[in-house]
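Got chain Z sorted already, so can you dock chain L onto it with the hints?
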Amino acid sequence: AQSVAQPEDQVNVAEGNPLTVKCTYSVSGNPYLFWYVQYPNRGLQFLLKYITGDNLVKGSYGFEAEFNKSQTSFHLKKPSALVSDSALYFCAVRDKEYNFNKFYFGSGTKLNVKP
Amino acid sequence: EAGVAQSPRYKIIEKRQSVAFWCNPISGHATLYWYQQILGQGPKLLIQFQNNGVVDDSQLPKDRFSAERLKGVDSTLKIQPAKLEDSAVYLCASRPGTSVDEQYFGPGTRLTVT
Numbered sequence: 001a002q003s004v005a006q007p008e009d010q011v012n013v014a015e016g017n018p019l020t021v022k023c024t025y026s027v028s029g030n031p032y033l034f035w036y037v038q039y040p041n042r043g044l045q046f047l048l049k050y051i052t053g054d055n056l057v058k059g060s061y062g063f064e065a066e067f068n069k070s071q072t073s074f075h076l077k078k079p080s081a082l083v084s085d086s087a088l089y090f091c092a093v094r095d096k097e098y099n100f101n102k103f104y105f106g107s108g109t110k111l112n113v114k115p
Numbered sequence: 116e117a118g119v120a121q122s123p124r125y126k127i128i129e130k131r132q133s134v135a136f137w138c139n140p141i142s143g144h145a146t147l148y149w150y151q152q153i154l155g156q157g158p159k160l161l162i163q164f165q166n167n168g169v170v171d172d173s174q175l176p177k178d179r180f181s182a183e184r185l186k187g188v189d190s191t192l193k194i195q196p197a198k199l200e201d202s203a204v205y206l207c208a209s210r211p212g213t214s215v216d217e218q219y220f221g222p223g224t225r226l227t228v229t
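Protein sequences, first through last, are from chains Z and L.
The numbering of the first sequence is the numbering used here, which starts it at 1 and goes up by one.
The numbering of the second sequence is the numbering used here, which starts it at 116 and goes up by one.
This is chain Z alone, in the form it adopts within the complex (with noise of 0.2 Å):
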């Protein structure tokens, strides 16, 4: 079954730090992933994606990732957090086996960046 975790349900971290969101994955085969952020009484937008090629992916806002095979994993990072960045954080995995349009979602990591 494809299957994302997020070990961690809260972040928090200083402002101009790095930050880094965990994500690992479940899946047969080599996996679509892609990083969601919510922000209050919104619904989710995309940040970035990886299909193929090479392992640091570069998205919206800053955001990055890094595709791990050997460890399953894509965590998001960021260089230097901003106030404006805390939200909730999804990770998504894209069905390989039986429905190639269906997408299963992590539990979410809520991150708080603090002035």
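Be careful, since some hints might not be right.
[As the list claims (entries may be wrong)] Straight line, CA to CA, 20 Å or less: simulated EDC-like cross-link-like pairs of lysine to aspartate or glutamate: (1) Z:K49 - L:D171; (2) Z:K102 - L:E129; (3) Z:K102 - L:D171; (4) L:K159 - L:E183; (5) L:K159 - Z:E97; (6) Z:K77 - Z:E97; (7) L:K130 - L:D178; (8) Z:K22 - Z:D85; (9) Z:K96 - L:D172; (10) L:K159 - Z:D9; (11) L:K159 - Z:E66; (12) Z:K58 - L:D216; (13) Z:K102 - L:D216; (14) Z:K49 - Z:E66; (15) Z:K58 - Z:D85; (16) L:K159 - Z:D95.
[What the hints assert, rightly or not] Okay, the calculated bits of chain L under chain Z, using three or more residues with CB under 8 Å as the criterion: (17) 181-188; (18) 191-201; (19) 206-212; (20) 216-224.
[As the list claims (entries may be wrong)] Selected chain Z positions facing chain L (in silico; Cβ < 7 Å): (21) F34; (22) K49; (23) I51; (24) G59; (25) G62; (26) F63; (27) F105; (28) S107.
I should point out that these hints are in silico values taken from the structure, not numbers from a laboratory.
Fair warning: this is a prediction, and the values are worked out from it, not measured in the lab.
All C-beta atoms in this analysis are idealised placements derived from N, C-alpha and C, irrespective of residue type, glycine included.
Relative to chain Z, chain L alone:
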């Protein structure tokens, strides 16, 4: 390009009442999704349409939930009768339909059942 539209944004009803949500996806997007997002959890797929046909409704509580996508464009999701545990945000998303595309989400409808 206009985004995914949803209405209403907020709804409060009593248990056993019925409610309907509406979604207008991005023009030309073949795939439409309805998700249920309970507070503190990730989105859970309720139903997925490809054009006007249902692809996956395995997690839709069919005794009380129904959905349709007439003419392969707009979609409605209905709950009848509502239960307290249906309190959640209902998200609509759409995709063009190619294998590498991401989903585009609407703002969601926050449902409170009292």
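Taking the hints in turn, this is what the structure says about them:
1. Z:K49 - L:D171: violated, 23 Å
2. Z:K102 - L:E129: Since the Cα atoms of Z:K102 and L:E129 sit roughly 32 Å apart, the hinted pair is violated (cutoff 20 Å).
3. Z:K102 - L:D171: holds, 8 Å
4. L:K159 - L:E183: holds, 18 Å
5. L:K159 - Z:E97: holds, 18 Å
6. Z:K77 - Z:E97: violated, 29 Å
7. L:K130 - L:D178: holds, 15 Å
8. Z:K22 - Z:D85: Status holds; Cα separation ~16 Å.
9. Z:K96 - L:D172: holds, 18 Å
10. L:K159 - Z:D9: The given pair, whose Cα atoms are some 17 Å apart, holds under the 20 Å limit.
11. L:K159 - Z:E66: Since the Cα atoms of L:K159 and Z:E66 sit roughly 25 Å apart, the hinted pair is violated (cutoff 20 Å).
12. Z:K58 - L:D216: holds, 16 Å
13. Z:K102 - L:D216: Judged against 20 Å, a Cα distance of about 11 Å means the pair holds.
14. Z:K49 - Z:E66: holds, 10 Å
15. Z:K58 - Z:D85: Given that 20 Å is the threshold and the Cα spacing comes to 16 Å, the pair holds.
16. L:K159 - Z:D95: holds, 14 Å
17. 181-188: The restraint on the region 181-188 of chain L is violated, since only 0 of its residues have a Cβ under 8 Å from chain Z and three are required.
18. 191-201: violated (count 0)
19. 206-212: holds (count 4)
20. 216-224: Check passed, 7 qualifying residues.
21. F34: Status holds, d = 6 Å.
22. K49: holds, 6 Å
23. I51: Since the shortest Cβ distance to chain L is 5 Å, the answer is holds.
24. G59: violated, 10 Å
25. G62: With a minimum Cβ separation of about 18 Å from chain L (threshold 7 Å), the hint on Z:G62 is violated.
26. F63: violated, 14 Å
27. F105: holds, 4 Å
28. S107: holds, 5 Å
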